[in-house]
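Residue numbers for the sequence shown, in this note's numbering: 2 to 225.
Simulated from the structure, these hints should not be mistaken for lab results. Model, not experiment: these values are computed from the prediction. Do not rely on the hints blindly, as some may be mistaken.
Restraint-style ranges between C-beta atoms, simulated for each label pair [stated by the list, open to error]:
(1) 202 to 73: 25 to 35 Å
(2) 43 to 140: 48 to 58 Å
(3) 63 to 28: 20 to 30 Å
The C-beta atom is built at its ideal place from N, Cα and C for all residues, glycine as well.
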Amino acid sequence: LLSEALRGHGALLRDRAGGRFVDELSPRDVVSRAMTRRMLEQGVDHLWLDATGLEAFAVRFPTIAAALDGVGLDPGADWLPIAPAAHYLCGGILTDLDGATTLPGLWAAGEVACAGIHGANRLASNSLLDGMVFGARVIEAVAAGRRGPSPTGAMEAVAGLVGGPPPPSPPPGYATTGGGIAAERLVVDLPAVGGGDGDPAEVRADLQQVMTREAGVVRTGESL
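Modelling step: build the complete structure from the supplied sequences, incorporating the hints.
Encoded structure:
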């Protein structure tokens with residue numbers, strides 16, 4: 002992972018012909034989309050990051066410098082091959098501000114949870130909110146005996162922002178009491194699956210390619 006801090010210090014993005022095609026200081030989602038479109042236009046699988054003009058590269062970015070040295074690249078002389086890639090998920094499971102989902106007894110925090118703090122683009126280091134802050138709030142809520150989302154309106158607000166229907170209300174009593182819940186209510190009777198003769202590594206690689214192409218940086222309702 003080549004940090005966006007490189008662009009912040011003056012590294013330039015170049016296409017196959019060596020030309021610049023985007024303002025390097027734009028937000029990362031804007032830059033990623035521009036890179037993806039240029040790669041599709043030129044039929045290439047990578048572009049270039051030109052950091053040859055950065056002074057004291059190894060001092061400012063020792064970890065990156067060591068990684069580049071390990072693959073035989075000199076940032077002072079070589080353009081660095083780059084491509085946008087997914088490395089963080091801005092949630093999916095709607096929660097309230099304490100990590101409670103609409104399924105009583107199920108809590109979510111971290112990358113899987115959509116608490117509404119990121120919007121369409123996570124700012125640098127804001128993943129600490131997902132993991133540490135909301136993780137702690139989940140623990141506090143569970144320790145206090147809560148079993149479901151509190152009626153704060155947070156769930157409805159988040160659902161409205163993403164264009165979905167308001168989430169269902171929890172069963173009566175679950176939002177305010179610490180009563181138990183029958184285990185069978187949390188078990189879905191799904192048929193067992195397994196077998197197949199495909200290589201799991203190949204299946205995973207194929208899945209990654211499909212998701213990158215159809216649900217990646219540039220996506221549409223049709224591709225999803």
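Here's how the hints hold up against the structure:
1. 202 to 73: 25 to 35 Å: holds, 26 Å
2. 43 to 140: 48 to 58 Å: holds, 49 Å
3. 63 to 28: 20 to 30 Å: Holds, since residue 63 and residue 28 (Cβ atoms, about 26 Å apart) stay within the stated range.
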